[in-house]
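Visitor: Take the sequences, apply the hints, and build the full model.
Sequences listed follow chains F and V, in order.
Residue numbering for the first sequence follows our numbering, beginning at 1444 and increasing consecutively.
Residue numbering for the second sequence follows our numbering, beginning at 4 and increasing consecutively.
If you are wondering where the hints come from, they were derived from the structure by calculation, not from laboratory data.
Errors might be hidden in some of the hints.
Derived DSS-like pairs (lysine-lysine); straight-line CA-CA distance at most 30 Å [stated by the list, open to error]:
hint	chain 1	residue 1	chain 2	residue 2
1	F	K1552	F	K1444
2	V	K60	F	K1511
3	F	K1444	V	K16
4	V	K16	V	K60
5	V	K16	F	K1485
6	F	K1511	F	K1552
7	F	K1552	F	K1485
8	F	K1444	F	K1485
9	F	K1511	V	K16
10	F	K1552	V	K16
11	F	K1552	V	K60
12	F	K1511	F	K1444
Covered stretches of chain F (in silico footprint by chain V; criterion: 3 or more residues with CB under 8 Å from a CB of chain V, positions within the stretch not fixed) [said to hold, decoys possible]:
hint	stretch
13	1468-1477
14	1500-1511
15	1547-1556
Restraint ranges, calculated between C-beta atoms of paired labels, are given here [said to hold, decoys possible]:
hint	chain 1	residue 1	chain 2	residue 2	range
16	V	E55	F	Y1519	38 to 46 Å
17	V	T10	F	R1515	37 to 45 Å
18	F	N1461	V	R18	42 to 50 Å
19	F	G1503	V	Q20	44 to 52 Å
20	V	S30	F	T1488	14 to 22 Å
21	V	N62	F	N1506	31 to 39 Å
22	V	R12	F	L1462	29 to 37 Å
From the three backbone atoms N, C-alpha and C, an ideal C-beta is built for every residue, glycine too.
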Amino acid sequence: KQEVTQIPAALSVPEGENLVLNCSFTDSAIYNLQWFRQDPGKGLTSLLLIQSSQREQTSGRLNASLDKSSGRSTLYIAASQPGDSATYLCAVRRARANTGANSKLTFGKGITLSVRP
Amino acid sequence: KAGVTQTPRYLIKTRGQQVTLSCSPISGHRSVSWYQQTPGQGLQFLFEYFSETQRNKGNFPGRFSGRQFSNSRSEMNVSTLELGDSALYLCASSLGTVDTQYFGPGTRLTVL
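Guide: As structure tokens, then:
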């Protein structure tokens, strides 16, 4: 059974700091990994998706890396801003069997980030 | 392009009642997934539909059911509501079953 862990549960940093959010997973047989952002009481916004064959993806100030063999992914946020304050979740999709079974997304519990002005 | 929409946004029900939640995916998306989010358990997968067929199911009791229509719109139903069913129910759509998922704003269900 795939388990996804995000530590710490909460993080507070001053504005302008570069930071790294970690995500670890127990089963390295993954199809892809996705990072999301969730604002309080809202749905999830997709940030980056990394296929199992890729090492990293970049979008603006965000960079996500994937190391399947060690079961780890990191989300790097450059020059953090107060508007980056939110909960960041990673989700892993297991490698798809021929029948398409067991291809659901498994989520971590998220890291709540607070960026202080 | 319009995003994923969910209705209603808020619901208050009492124990024993049943509820139906609706999700309209992004136009052209054929896969719809449902999740339950609670503070204690986080996001938990309920089920996934693709072209009107349930492709995957999470570990929830049979009181939780869903379906998908030919226009890809989806509904989920919870019967005999329990206090523990209070949660944010999120729907996500994607082109296929392994593509980027786009989430709706959720339906906040409160069971009294």
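Visitor: All hints, please: hold or fail.
Guide: Now for the hints, and whether the structure bears them out:
no. : hint                         : verdict
1   : F:K1552 to F:K1444           : holds (16 Å)
2   : V:K60 to F:K1511             : holds (25 Å)
3   : F:K1444 to V:K16             : violated (34 Å)
4   : V:K16 to V:K60               : holds (25 Å)
5   : V:K16 to F:K1485             : holds (21 Å)
6   : F:K1511 to F:K1552           : holds (20 Å)
7   : F:K1552 to F:K1485           : holds (15 Å)
8   : F:K1444 to F:K1485           : holds (28 Å)
9   : F:K1511 to V:K16             : violated (44 Å)
10  : F:K1552 to V:K16             : holds (27 Å)
11  : F:K1552 to V:K60             : holds (20 Å)
12  : F:K1511 to F:K1444           : holds (16 Å)
13  : 1468-1477                    : holds (count 3)
14  : 1500-1511                    : violated (count 0)
15  : 1547-1556                    : holds (count 7)
16  : V:E55 to F:Y1519: 38 to 46 Å : holds (40 Å)
17  : V:T10 to F:R1515: 37 to 45 Å : holds (39 Å)
18  : F:N1461 to V:R18: 42 to 50 Å : holds (49 Å)
19  : F:G1503 to V:Q20: 44 to 52 Å : holds (45 Å)
20  : V:S30 to F:T1488: 14 to 22 Å : holds (19 Å)
21  : V:N62 to F:N1506: 31 to 39 Å : holds (34 Å)
22  : V:R12 to F:L1462: 29 to 37 Å : holds (32 Å)
Figure legend: structure checked against the earlier numbered hints; hints not met, in rising order: 3, 9, 14.
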